[in-house]
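**Student:** Let the sequences and hints guide you as you build the complete structure.
There are 2 protein chains.
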Amino acid sequence: MAASTPGRADLTPRVLFGLQEALCRLPGIGPKSAQRMAYHLLQHDRPGAAQLAFALQHALADLRHCRRCNTFSETDLCERCASPRRDAAQLCVVETPVDMNMLEQTQAYRGLYYVLMGRVSPLDGMSPRALALEKLAERVADGQVKEVILATNYTNEGEATAHYLSTLLANSGVQISRLARGVPVGGELEFVDPGTLAQALRERIGLHVKK
Amino acid sequence: MAASTPGRADLTPRVLFGLQEALCRLPGIGPKSAQRMAYHLLQHDRPGAAQLAFALQHALADLRHCRRCNTFSETDLCERCASPRRDAAQLCVVETPVDMNMLEQTQAYRGLYYVLMGRVSPLDGMSPRALALEKLAERVADGQVKEVILATNYTNEGEATAHYLSTLLANSGVQISRLARGVPVGGELEFVDPGTLAQALRERIGLHVKK
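Order-wise, the sequence lines are chains A and B.
Just so you know, we're using this note's numbering here: the first sequence kicks off at 1 and counts up by one.
Just so you know, we're using this note's numbering here: the second sequence kicks off at 1 and counts up by one.
Please keep in mind that the hints were generated in silico from the structure rather than gathered at the bench.
As the structure is a computational prediction, the values presented were derived from the model and not from experiment.
It is possible that some hints are incorrect.
Quick partial rundown of chain B residues pointing at chain A, CB under 7 Å, derived from the structure [what the hints assert, rightly or not]: (1) Leu16; (2) Gly18; (3) Leu56; (4) Val98; (5) Met102.
All residues carry an ideal CB built from backbone N, CA and C; glycine is no exception.
**Tutor:** This is the structure in structure tokens:
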């Protein structure tokens with residue numbers, strides 16, 4: 001083997017190999033995709049490659065965490081926290097900024113957020129301490145918050161995080177709620193998994209009958 | 001709409017939005033994956049982000065095309081072309097450096113390569129002229145090459161490229177061949193598509209019967 005493919009893989013130039021290795025660190029990208037990406041960038045989109053290098057450096061240099069909601073921000077206080085148009089009585093706790101964006105896209109929420117930047121996941125080395133939850137506890141105790149909506153994922157880790165937070169905030173005097181689970185809007189019962197359907201049954205909503 | 005989500009999407013910081021846009025230029029990456037990648041890099045792998053920026057800049061600055069085989073190389077002549085251990089009588093023509101690596105991994109080929117860095121694809125603006133095929137024609141005419149193996153893909157564009165090249169090189173006096181098509185090694189007829197199976201029938205190989 002070593003005789004027919006000397007050195008690193010396939011005599012790939014060291015610089016190109018380095019780029020492929022760096023692309024492999026992106027989540028969901030394996031060696032094959034990394035090769036394809038490197039070829040695409042170098043042969044068909046060199047301005048795109050330069051733009052990505054530039055964007056990475058600026059993001060590393062200029063982004064910090066918002067003092068209030070912990071999301072990525074260029075300023076000490078993010079635009080959303082600084083807005084007087086948001087309802088400070090509601091605080092929605094999410095795992096990541098991506099989840100926050102998903103909720104914003106619904107245009108159904110006008111309150112504020114707290115971004116955990118992770119979830120309780122001991123296997124990945126994320127203990128409750130690693131999440132710096134004291135900052136959230138302080139935030140909830142600021143006197144303005146009346147309701148905390150736990151919008152962590154309905155995965156095992158997300159559920160564990162919600163459970164931990166509900167215990168942590170039990171004596172805070174604010175109302176704690178969790179996103180509803182159930183049949184998706186537009187969904188057909190035939191295609192809903194049994195676990196979700198069972199949950200939708202258990203958490204069914206009473207309808208008022210007109211008299 | 002504009003009233004409830006002012007400015008760019010979801011009040012994402014400009015620098016973060018720029019990073020997401022740059023990641024979107026990678027092939028196969030949509031806005032959702034780009035968001036997830038940006039979050040991962042900034043929150044969980046900042047060294048990875050720095051490494052990627054560095055690798056991109058170095059690749060852009062240091063990689064050129066090998067004078068002889070046209071693949072990416074840090075030097076004027078790539079390591080493979082410079083090796084005295086390769087058989088200069090065989091020249092394998094591939095579309096991309098990734099395809100070349102796939103062939104190298106087979107360890108079944110000891111000849112040299114010519115990398116087109118693309119394929120004839122008028123819809124994508126890749127005319128035969130854009131591929132700079134004169135360089136290949138010169139290479140074939142160097143007196144050393146005895147056989148040209150056309151190893152472009154068996155897609156429509158790859159087939160068109162092979163057809164174009166076989167016409168271009170028809171009078172060059174070297175043997176022209178194309179990779180075999182057929183049932184994959186370890187494949188079961190039940191799961192092979194009809195087109196491939198028909199081709200395997202048409203191009204069946206005669207077996208010698210012992211007398």
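**Student:** Against each hint, give a clear statement of whether it holds in the structure.
**Tutor:** Evaluated hints:
{"no.": "1", "hint": "Leu16", "result": "holds (5 Å)"}
{"no.": "2", "hint": "Gly18", "result": "holds (5 Å)"}
{"no.": "3", "hint": "Leu56", "result": "holds (4 Å)"}
{"no.": "4", "hint": "Val98", "result": "holds (5 Å)"}
{"no.": "5", "hint": "Met102", "result": "violated (9 Å)"}
Hint compliance for this structure: hint 5 is the single one not met.
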